[in-house]
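Take these sequences, add in the hints, and give me the full structure.
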Amino acid sequence: MKRPRPRPRPLPVPPIMATRILERLLPVSEREDTIGDLAERFHRHRGSHGTAAARRWYWKQTLTFLGQLSRERVRKRLDRLGAGRTTFPGLGASDRGITISYIAQDVRYALRTLSKNPIFSLIAIATLSLGMGATTAVFTILHSIVLTPLPYHEPAQLVRLYRAYDDRPDDREFVAGLDFLDFREQNDVFQDLASLYTYRERGLDLTGAGGAKRVRALPVSAGYFEVFRASPLLGRTFRREDERPDAALVILSYRLWKDQTNSDRDIVGQSFTLNGAPYTVVGVMRPNFLDVVAGEVDVWVPENLIPKGRNSRNNHYLTVIGRLQPDVTISQAQARLDVVTSNLAIQFPQTNEGAFARLYPLFDEVVGQTDTLLYILMGAAALVLLIACVNVANLFLARSLARRKELAVRAALGSGRARIAYQLFTESLVIAALGGAAGLMVTVVAVKVLLAVSPESLARADEVSFDPMLLAFTASVTILTGLFFGMAPAIQSSRVDLSLALRDGMRGTGGVRGVRMRGALVACQVALAMVLLVGAGLLMKSFAELQRLELGVEPENVATFEVHLPDARYGEPERRIQFHQTLQDRLRAIPGVRAAGAISKLPVSGQYHTWGWRWDTPTGPSDWTSIQVRVVEGEYFEALGVDLLLGRKFGPADVSDGRRAAILNESAAEHAFPGGEAIGRSIILNGKPWSVIGVVENVAHDHRGVFTYKMYLPHTQFGDDRNWALTQVVATGTARDDIMSIVRRELATIDPDLVVYNARTMVDVMRREVAQERFALTLMGVFAAVAVLLAAIGMYGVLSYSVSQRTQEIGIRMALGARSAQVRGIVVGHGAVLTAIGITIGSGGALALSRLLNSMVFGISVTDPTIFGTVAAILGGVALLAGYLPARKATRVDPMEALRNE
Amino acid sequence: MTRNALGEFEHLILLGVLRLGDQAYGVSIIDELEGRTGREVSQAATYIGLKRLRDKGLLASRLADPSPERGERARRYFTVTDSGIERLRESAAALFSMWEGLDPKLKERIG
Chain A
1 MKRPRPRPRP LPVPPIMATR ILERLLPVSE REDTIGDLAE RFHRHRGSHG TAAARRWYWK
61 QTLTFLGQLS RERVRKRLDR LGAGRTTFPG LGASDRGITI SYIAQDVRYA LRTLSKNPIF
121 SLIAIATLSL GMGATTAVFT ILHSIVLTPL PYHEPAQLVR LYRAYDDRPD DREFVAGLDF
181 LDFREQNDVF QDLASLYTYR ERGLDLTGAG GAKRVRALPV SAGYFEVFRA SPLLGRTFRR
241 EDERPDAALV ILSYRLWKDQ TNSDRDIVGQ SFTLNGAPYT VVGVMRPNFL DVVAGEVDVW
301 VPENLIPKGR NSRNNHYLTV IGRLQPDVTI SQAQARLDVV TSNLAIQFPQ TNEGAFARLY
361 PLFDEVVGQT DTLLYILMGA AALVLLIACV NVANLFLARS LARRKELAVR AALGSGRARI
421 AYQLFTESLV IAALGGAAGL MVTVVAVKVL LAVSPESLAR ADEVSFDPML LAFTASVTIL
481 TGLFFGMAPA IQSSRVDLSL ALRDGMRGTG GVRGVRMRGA LVACQVALAM VLLVGAGLLM
541 KSFAELQRLE LGVEPENVAT FEVHLPDARY GEPERRIQFH QTLQDRLRAI PGVRAAGAIS
601 KLPVSGQYHT WGWRWDTPTG PSDWTSIQVR VVEGEYFEAL GVDLLLGRKF GPADVSDGRR
661 AAILNESAAE HAFPGGEAIG RSIILNGKPW SVIGVVENVA HDHRGVFTYK MYLPHTQFGD
721 DRNWALTQVV ATGTARDDIM SIVRRELATI DPDLVVYNAR TMVDVMRREV AQERFALTLM
781 GVFAAVAVLL AAIGMYGVLS YSVSQRTQEI GIRMALGARS AQVRGIVVGH GAVLTAIGIT
841 IGSGGALALS RLLNSMVFGI SVTDPTIFGT VAAILGGVAL LAGYLPARKA TRVDPMEALR
901 NE
Chain B
1 MTRNALGEFE HLILLGVLRL GDQAYGVSII DELEGRTGRE VSQAATYIGL KRLRDKGLLA
61 SRLADPSPER GERARRYFTV TDSGIERLRE SAAALFSMWE GLDPKLKERI G
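Going line by line, the protein sequences match chains A and B.
Take the first sequence: its letters are residues 1 to 902, numbered as in my numbering.
Take the second sequence: its letters are residues 1 to 111, numbered as in my numbering.
For the record, the hints were derived by calculation from the structure and aren't laboratory data.
All values reported here derive from a predicted model rather than from experimental measurement.
Here are the computed lysine-lysine pairs in the DSS-like style, where the Cα-Cα straight-line distance is at most 25 angstroms: (1) Lys51/B / Lys60/A; (2) Lys76/A / Lys56/B; (3) Lys116/A / Lys889/A; (4) Lys688/A / Lys601/A; (5) Lys51/B / Lys76/A.
Taking beta-carbon pairs under 8 angstroms as the criterion, some of the chain B residues facing chain A (in silico): (6) Val27; (7) Gln43; (8) Tyr47; (9) Leu63; (10) Gly71; (11) Arg73; (12) Ala74; (13) Arg75; (14) Arg76.
Every residue, glycine too, gets a C-beta built ideally from N, C-alpha and C.
Structure follows, in structure tokens:
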């Protein structure tokens with residue numbers, strides 16, 4: 001009987017696939033200890049460099065093993081056979097020893113021929129590695145992000161629930177607290193249904209040694225971790241009885257637990273001070289718990305779901321996620337929910353009439369915005385791979401044709417066809433192996449670079465891991481191409497009439513057919529490069545359009561930052577209002593500061609608080625319409641250069657007990673009160689009347705210049721609604737690098753426990769929004785450059801080869817009086833014809849494929865003729881350049897020399 | 001015959017094992033080599049070196065100590081055999097005799 005003992009906490013293990021490879025590689029007797037050594041070093045590496053780096057390290061070690069052990073085996077065999085042994089290739093290979101000696105001989109022979117022809121070898125290896133590397137890198141990212149399901153148990157069961165309306169079924173609105181409770185109560189299709197707080201205002205201050213620190217707190221309902229099937233490392237998760245405002249419970253993230261409590265295993269049940277109030281720790285999550293919905297979270301607190309206060313059926317602020325029962329499909333669940341929502345609509349017609357709950361797979365939700373981009377990039381990568389294959393095909397074709405004579409000699413000396421084929425196979429394999437090794441390096445570097453330049457908006461970027469299957473795939477595609485094109489013609493050539501092939505005049509050309517085939521391949525490359533260049537060109541122009549776009553703000557020399565006020569000391573709205581006014585007075589007093597203000601959500605960074613409003617019309621009150629609500633303080637409009645069109649801005653008169661004042665943006669004012677009639681009119685928002693005192697110009701809420709109805713309310717009058725996490729904006733007359741340190745100093749004089757949070761310049765805020773476009777553009781640019789480079793290499797190869805084949809012809813022409821320019825013309829003309837064919841085909845392809853980019857480009861047509869023209873010109877120029885060197889070589893042909901060879 | 005000669009790396013491994021006494025196993029040997037030579041040592045190269053030395057009868061080994069961070073896999077501890085010691089002595093003697101009297105020449109070159 002085994003004594004039961006507590007299971008040790010599972011450690012992250014070394015990559016399983018790599019371990020499998022090692023297990024196959026190593027002899028049984030040494031497997032255990034060698035892999036154990038690696039595992040031990042893996043864990044040490046993980047401790048100092050992190051898990052991802054350790055995994056990469058482990059892979060590197062595995063691949064080194066693969067290389068070194070294969071070399072060791074070859075060395076041993078060679079030893080056993082005796083290095084000096086010679087065999088005659090024509091002999092039948094009946095005995096195993098001789099076969100092995102063939103392999104060794106072939107490898108050595110291959111290495112020798114390849115090193116004699118370094119340009120061919122280098123070009124082939126570079127082509128293979130570029131094509132494989134670029135493609136595998138993009139496939140790796142795509143595979144990790146798009147093709148791999150969420151990193152949870154049974155990810156297909158995970159759904160997200162939105163509120164939508166019968167007349168707007170595609171709306172994705174958040175869910176009201178009471179509705180969520182009903183969904184949860186009347187549920188028989190979910191194993192777990194949970195909610196989390198949507199808005200970011202919920203941060204908590206962690207005060208301790210070393211000053212106050214703002215941590216990200218996420219209020220969640222019971223069942224939240226259960227939806228993800230995530231169990232805590234210590235303690236428990238939240239229960240339904242915890243869902244009240246005075247619970248004061250907290251679950252710590254692994255990181256916070258490690259940093260703040262020094263990994264105290266007895267922390268559960270102890271008190272933890274947040275916002276100056278004691279919270280009882282109920283649990284600590286595991287390090288590998290990844291929240292794909294909420295992102296990085298420091299602590300989780302129970303969501304208040306007591307049915308009063310903010311929990312009405314009118315206040316939609318919850319994000320709801322769930323896990324379906326194992327045998328329930330999403331449409332079955334939807335049907336069940338529809339019954340619940342139609343009952344609610346009957347019970348609560350005021351709030352729930354015409355509304356329903358709509359389910360989406362969580363996977364679509366998380367990946368949704370990045371997948372178009374990545375599919376386009378994957379298409380581009382596939383094109384690069386295709387070009388690389390064509391190039392490899394071309395190279396091998398040329399090579400095998402050029403070696404017809406050599407092969408004929410070998411055949412004449414008695415070498416069997418199988419033996420010759422084997423030799424060629426080995427050669428191709430050696431190149432492929434070298435190219436593959438270089439490709440692996442390119443891949444590793446490229447993945448690193450891609451992740452480094454990839455925007456934060458690329459969801460789940462931290463989950464990217466390297467998949468050897470992908471490299472195997474791209475490697476086999478390129479290698480098979482090389483083998484096919486390298487061997488087929490060669491095998492055929494070994495059948496030709498030997499006496500013909502061996503004649504001196506026969507220069508081992510591939511004949512007309514070979515030249516034509518190579519020409520066709522080059523035209524193909526030009527066509528593919530054209531498609532990629534057009535794609536890159538379109539993205540580039542679109543990006544330039546975005547940069548030129550008028551967004552309605554002047555972001556230069558504006559610093560932004562947040563200060564979150566702990567409820568313990570700033571619970572009273574008056575104190576918060578007072579704080580903001582003091583802070584802004586101090587900021588304004590800094591020499592060089594032009595204006596200082598604050599807003600609840602910066603422009604050009606997305607939609608946020610969408611609330612319902614209505615107003616009086618001549619025929620009675622209007623319908624409820626949604627509007628973006630922003631709370632502002634101080635000189636916000638001045639700071640960002642938002643101009644006032646009508647009326648006045650908020651001022652000292654707009655005090656908390658005064659007449660409630662609101663400012664509309666131009667489009668909201670025109671919508672509600674056409675003809676510039678907005679000033680002085682009354683509107684209803686949040687159950688209260690507000691008087692319109694001003695109209696300001698429209699400001700975009702995203703980087704594509706989209707704006708909606710927007711209403712600004714003064715913090716002095718609306719500061720009592722909640723503890724607004726206002727973002728401060730400080731505009732200076734000129735660029736100031738020291739502004740943030742001055743801000744920190746001023747803040748410390750007001751309240752030394754407060755911290756500046758999320759300090760960024762407004763320019764950075766806006767740049768981040770175009771990060772995705774910039775990323776796509778960079779990648780397409782790289783792909784296009786690789787494509788053009790490969791096409792140029794192909795072109796150069798074909799033209800210089802044809803020059804060497806036509807030496808006699810050129811010699812005769814020159815002897816008959818042809819001038820250099822005419823000779824150059826012949827060569828360059830050949831290239832021009834190929835390029836023209838390629839551009840024509842490529843234009844057609846680009847025209848067909850550019851429509852896919854429709855959703856990616858902004859402000860331009862995907863058939864923009866200037867881009868097509870420019871791209872054609874670039875390709876033409878490159879072709880000329882690639883043709884120039886061979887052309888110059890042609891003019892150096894010595895007629896006498898050329899004719900003497902005849 | 002040349003194949004039986006001790007390579008530089010094998011030589012280093014042999015010395016490393018000797019230094020580590022009864023604590024010489026894969027990881028500690030790599031640490032010792034990296035720490036003393038200052039160059040990065042791949043595990044594969046070390047593995048092959050150790051195997052060659054065992055095949056030549058210069059090292060002996062025994063298995064012990066599985067632990068969780070090694071995925072419950074055993075360690076292989078190495079010791080230098082008598083013929084290993086003998087070989088080291090020979091090569092040290094050869095090296096010392098080759099070095100003898102060379103110091104001034106080296107200094108000349110630097111000066």
